[in-house]
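> As they're listed, the protein sequences go chains V, S, Z and G. Each residue of the first sequence is one higher than the one before, counting from 15 in our numbering. Each residue of the second sequence is one higher than the one before, counting from 14 in our numbering. Each residue of the third sequence is one higher than the one before, counting from 2 in our numbering. Each residue of the fourth sequence is one higher than the one before, counting from 534 in our numbering.
Derived by calculation from the structure, the hints in this document are not laboratory data. Warning: the hint list may mix true and false statements.
Reference excerpt, derived from the structure (chain Z facing chain V, CB under 10 Å, subset only) [to be verified]:
hint	residue
1	L99
2	L117
3	G195
Keeping only pairs whose Cα atoms sit at most 25 Å apart, straight-line, the calculated DSS-like set for lysine-lysine is [unchecked claim]:
hint	chain 1	residue 1	chain 2	residue 2
4	Z	K419	Z	K391
5	Z	K419	Z	K325
6	Z	K325	Z	K382
7	Z	K325	S	K124
8	Z	K53	V	K217
9	Z	K113	V	K191
10	G	K757	G	K785
11	Z	K265	V	K217
12	G	K850	G	K596
13	Z	K324	S	K124
14	Z	K419	Z	K368
15	G	K651	S	K161
16	V	K128	S	K16
17	Z	K182	Z	K165
18	Z	K222	Z	K391
19	S	K16	Z	K382
20	S	K15	Z	K53
21	G	K868	G	K805
22	S	K15	V	K128
23	Z	K265	Z	K325
24	G	K805	G	K837
25	Z	K419	Z	K396
26	V	K217	V	K191
27	S	K16	Z	K222
28	Z	K53	Z	K165
29	Z	K324	Z	K368
Every residue gets a Cβ at the ideal spot worked out from N, C-alpha and C, and that includes glycine.
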Amino acid sequence: MKFRREGSLLVLVVLLSLLAMLFDSSFVPDNALDILINGIPTMIIACGVMLVIVTGEIDISVGSLLGLLAAMLGLLSSTVSPGLSVHPYLAILIVLTVGTLIGLGTGCLVVFGKVPSIIATLGLLIALDGVQDWLMGGGDIKHFPQQLRNLGTGTRIPVNLIIAVLVVIGTGLLCRKMAMGRRIYAVGSNPSAARVAGISEAKIKLFVFALTGLLTALAAILWVAKLGNVSTSTGAGLELKVVTCVVVGGVAIRGGRGHLLGVVLAVILITMIRTVLNFMDLGSEAVKWQRAIEGVMILVAVTSDHFTQQQQTGGSA
Amino acid sequence: MKKFAYEFVLLGLIGVVLASAAILDPLFLSQNVQLELSSEIWELGLLTLGMTLIIITAGIDLSVGSAMGLCSVSLGLCMHANLPAWLCGLVCLLTGLAAGAINGTLVAFIKVHPLLVTLATYGMYRGFAEGLQSATTNAPVDASDGIKSIVTGGFPVIPVLFTALAVWTAILLRRTAAGRGLYAIGHNEEAARFSGIPVARLKFLIYTYTGLLAALAAICYSARRSATAEAGMVLELDVISAVVVGGTSIYGGRGRLIGTLLGVLLIHETRQFVDWYWQRSELTLIVIGTLLILAVLGHRFLFSRNPQTQ
Amino acid sequence: MSDMSDPMITIENLSRSYGGVQALSQISLDILPGEVHGLCGENGAGKSTLIKCLTGVVPPNTGTITVEGKPLSSGDIHAAEEAGIAVIYQESTAFLDLDLVDNLFVGREIQKFGLLDRRAMETQAQAVMRRLDLTLDLHTPLQEFSIAERQMVEMARACLRDCKLLIMDEPTASLSARETKTLLGLANQLREAGVSVLYISHRLEEIFQLCDRVTVLRDGKLVCTTSIDQLDRNQLIGQMVGREVNSLTRCEEREGQNNEVRAKIIGLSSHGQFSEVSFEVQVGEILGIGGLVGAGRSEVARAIFGADRYDEGEIQIDGISLKKGSIRAAMDAGIAMVPEDRQHQGLILPMTVSENLSLAILSEIMKHCLLNDGTENERVKQLIQHLAIKAASTKMEAASLSGGNQQKVVLGKWLAIKPRFLILDEPTRGVDVGAKAEIHRLIRELTAAGMATLIVTSDLPELLALSDRIQVMCEGRIAGEIDGASATEEQVMRLAFPRGEEQPI
Amino acid sequence: MHKWFSLIQLFVVCGLVMGCGSSPESDTSDGASATSTNAGITIALLPKLKGISYFTSCAEGAKQAADELDNVELIYNGPTTASADKQAQMIDKWRLQGVDVIAVAANDPAVVSESLRKAQDAGITVITWDADAQAADRSFFVNQATAAAIGGGMVDVMANDLGGLDAAGDVAIISATATAANQNEWMQHMKTKLQSYPNLKLVATKFPGEDQNAAFQDSQDLIKKFPNLKGIFGISSVSFPGAAEAVKQAEKTGEILVTGLSTPKDMQPYVKGGEVKTVVLWNTLDLGYLTVYAAAAIRSGTLKPGATEFTAGRLGKKQISGDQILLGDVLLFTKDNIDQFDF
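Full structure from sequences and hints, please.
Take a look at the structure:
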């Protein structure tokens, strides 16, 4: 069964929705759009991180990178001190460029420096967090120009959701319909065979890391556009959420396998857990356990599938 | 001598940090200051002992810091209930054992990738720690006199315990069948299994051992600060950094405990000195992150084997 | 077709050394269009270096390669590809997660407006499948194909690329006889289409069956290039090793029938893999299991060793029944196993020779709960002597040994536990002729000294030469038993093929 | 051998560069190394966390005071997240470096207690500001407002904006993590105070942690789940703007009021926009200023236990009640006056 994982995720999404509807019968129509919108940053970055994981690498620096880029966007475009009031479109361009370059740098560390990606990005996770705090100096950045805010709010059309959908479609096209996508899977599936087939592993990996940087920059822009506020904690912990979504979505951590559809469903599932729990009458005591409940659910999502998968493939490894 | 080349590099780096300290602020090197600052090294050190074993098997444990928080809260609950110190300690150790055993079971027997397991338990253990604390005492609990005496008593319990565990772990790695098995698992799990090495059991044991170490670290922490769900927050990053800086390969199969200990020392001294001298929390982050990347780059650059020379 | 006198590929004075070791020296060789050219030599003779030079994976130190008169720029994978040189490697280079079409086109996808042109690719894929007379589903991930089918996909990939020279590096190493036949048939088809084939195999019968000419390498030097008609089997072996070896003749019959049963397998079944497998192995006896790849032979061997679980049945060693699914229990009962896949299951390549050899006897070299270096060294030295392992030092990595020596290390690891029942799964795959003979000698000696041996092999001459009795498996069941002394290849094959599918040779 | 030496050399060079880089840093108030001063008073000012406007503006005020008092050298550093453990580590370092005064805004009284006690034993003057520690661990507390006043104040402001004593409707609290000590204390007092407004019903408390997006999401969900929701208390620096933004985007401006603690600069857009009617805060510049003046005075002996008032530069005379130095009135920022404050 090709889409078994996707099927079970869909079932979980439906079950959670039904559960929430016990408490609020119009849960789905009321919240569907908001859940999708709230999942946007995770979704966009997950598209990049998924490709990185498909090549057999990992990127856990995206949370800090998003924070750094959001801070940078803030400093450039904010209309009051310490902002520079740069034209928002120019600021966006700069942030996208910087994001791509940092992603490319990560790729270089991994490809040419031969630093294991989990270590390279762990180092960046720590260091970029410091750079973000240092850039911000102390204090939230607010007062963004309306042109920028319009990307996240303010108009009737959810521009950010459209951008996210375009990113997902683009990634889907890349995976299914473009030579690059096939090669990304090929590199993750069998690196030595890919080399023999004339595929440059270095080029592919640089591409996916740079793309992840670019998408993280995009997510940072939409984040700022929606929340209109950058703080030193912006982006903290996002990398874990993204990686969780990608693996819950069925992407194999050893590379080569996984569908975007699964990741999309996983992002929806993990984003909606919070809202569903918010709609259930947890009471003042139970609400303190919310994070623990989320943790248990993620553990179940990660492992339950493994029980069934093991049965299916039998002992042959 | 050649065998320990990287360890000499680490020693050199520690030397550089200390030399910079000597030039910039000699007070940092005074015995009193070093002794006082060392109180933070033990928790880091304890956790790296287990993490080294895990990374040698090509695994990883992201949940150590969270497990430590959970253990600290369980200790706090017991102290809050005025239980005798030994019982508090026992409950704490059992909590750690259970946390480690959950990781171990899922990794070793259910065969879920350790990154996935501990990514999930990382959030889960911390969630339970916070939930437990806010649902019961709703505040950190001061260490009871019994627990406190671990640090205040005349005998240096923690350093001695740590040294003993470190020596034991080093012997385990280098001089026992289990240690040889761990390296074999790290290099090639399938071949290790085909050689009759009890792969699943060994893996289960090292994750459980790490859980136990998290409990010990929680006791150390709670004795000198207080029992709180905050214990061990983001410590996993330092733990993994120290092990990797110490020359253990994240791909498994390579690494020595002496390297890890030097890695702990390097990370500790660097962090303390940057904090001490520049007084900029964010600068410390930048320096530690960069150090981690440079150390691994340096290790690759200096010691990567060139297949053509074979 | 071009004039037969114009060579397709000309190699002139090719030399290559690795850090002082001369892997190839002064090789000159022609390959004609539409020719199947055999390349023989022991492991380490320089065959793989020659292939790497041809495909541009490594540049030669000196010498030139010309393809149809045009010189090939050295050390350039893409240039070699452009020139029409394709390789099928010993170990499959398939992308298991991708489907057949993707596998055929990966690296050179057909694109339209920057997007993949699936339809065009499918059409071409169908065409090439028809041409090669293959019926495989285009949209199935390669994972679900057998190893032989994957090799065929690789051939199809080569055809698709309009290749002029197809290099086949041990393509049949893990194929059953029938699959081998299909593959050889494909090679013949290619030859007829004017493609040159450079064929490398340790299975000499294939060389004789398929090749027009053969080139023999020894120690990096070219020994001879001759038409295959001018050599017989023993002469060819003689050229390869520099002496005549006669490894595959049966030795004297087992003296004194000893009827003590060492291992008894009763009704072993595992869902989807094998069912109701029963046999006995006696002390001092070599029991061969023949059959096609995929007949469940390796699976049975693994189940006996406890590496896999099984659903039903029982395994008895010396009358005592064995706990299922536990390698430790099997080892405690004296079972040892040289697994099928040396690189992934047999050896830990980055560990030293010494560490590999002592891996199964760690508990024996402990003293006061600690490993004892002295004891370990002593045991390792004994093993190295006993097996004549050629290693510069016991502290060198197993990865740096030749294939034959690596296999000896695996064997040595298990001999160290003084096994009572030894299971060998494809013990000489990818092992050169000299080492193969030594491994055979060892197996015979040890068995004669009171061990029971079970050998699973796809190499029919090996099966016939070693086994005292042969059990042939077919589709997960024991199809029949043959006496080793009188068995012929036809007898084995007749049992191995599923009924109704047997084809005249 | 050669290769290792080259690497070591590289690191020596890095070390030296770091060393050189330090000299410009030490000119600024927050980068100074404490040990170089012999004359004057070194005051270490520890916020709950660095990087939020509230404490940055406190630090600005503190710096003004330090500039006025020419014998004072000020160190300002704090953890990057509200971590009591990191605070304790910093206190320990300052003790070892031998600063004269440590002024702490404690994240958690229990966790920093041991470190503060040791600092006092070492002869360092310990005072607290913004958030108190255990009374025995410090000499004075520069009190801008007690937890009761903060918690009660927020409820009063909300009730007042919703119609005084008759205020009716649902209210919700968005806190930080479930274990955040200050927030938990404030909530205690908020719940007590809410009892004086019988028609205000606390329907939910949420713990989004330090995650801005989660705070937004929680507020958004509450707005939908409780149609009768009239007020949201955003009681952390992350949850206050998150809640205000959620109200804005749900187009409930004016129907649902948000309040919390924040600097006027931070909340100015929402006060102007109408999502927030009133923000409770004191003059944070003055708080930092007063803290430094008090610290210097206590150290130099001009302010002794038992005093009832003392003069703090431009702030003039300040009341002392017991061991608490009172900053004075809480400020209420509204649409009309918010532009007058620049912090």
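> Should the interface hint for Z/L117 be scored as holding, given a Cβ-Cβ cut-off of 10 Å against chain V?
holds, 5 Å
> Given the hint that S/K16 pairs with Z/K382, does the C-alpha gap stay at or below 25 Å?
holds, 23 Å
> Are Z/K419 and Z/K396 close enough, with their CA atoms no more than 25 Å apart?
Cα-Cα ~23 Å, so holds.
> Straight-line Cα separation of S/K16 and Z/K222 no greater than 25 Å?
violated, 37 Å
> Measuring from the C-beta of Z/G195 to each C-beta in chain V, is the shortest one below 10 Å?
violated, 24 Å
> If you draw a straight line from the CA of S/K15 to the CA of Z/K53, is it 25 Å or shorter?
Not OK: S/K15 and Z/K53 at ~34 Å, beyond 25 Å, violated.
> Is Z/K113 close enough to V/K191, meaning Cα to Cα at most 25 Å?
holds, 10 Å
> Within 25 Å, alpha carbon to alpha carbon, are Z/K325 and Z/K382?
The hint is violated at about 34 Å.
> Given the hinted pair Z/K182 and Z/K165, is their alpha-carbon gap at most 25 Å?
holds, 22 Å
> Verify the proposed pairing of Z/K53 with V/K217, using a straight-line Cα cut of 25 Å.
Judged against 25 Å, a Cα distance of about 22 Å means the pair holds.
> Can you confirm whether the C-alpha distance between V/K217 and V/K191 stays at or below 25 Å?
Holds, at about 19 Å.
> Taken at face value, is the distance from the CA of V/K128 to the CA of S/K15 at most 25 Å?
Distance of about 23 Å is within 25 Å: holds.
Of the numbered hints listed earlier, those contradicted by the structure are 3, 6, 11, 20, 24, 27, 29.
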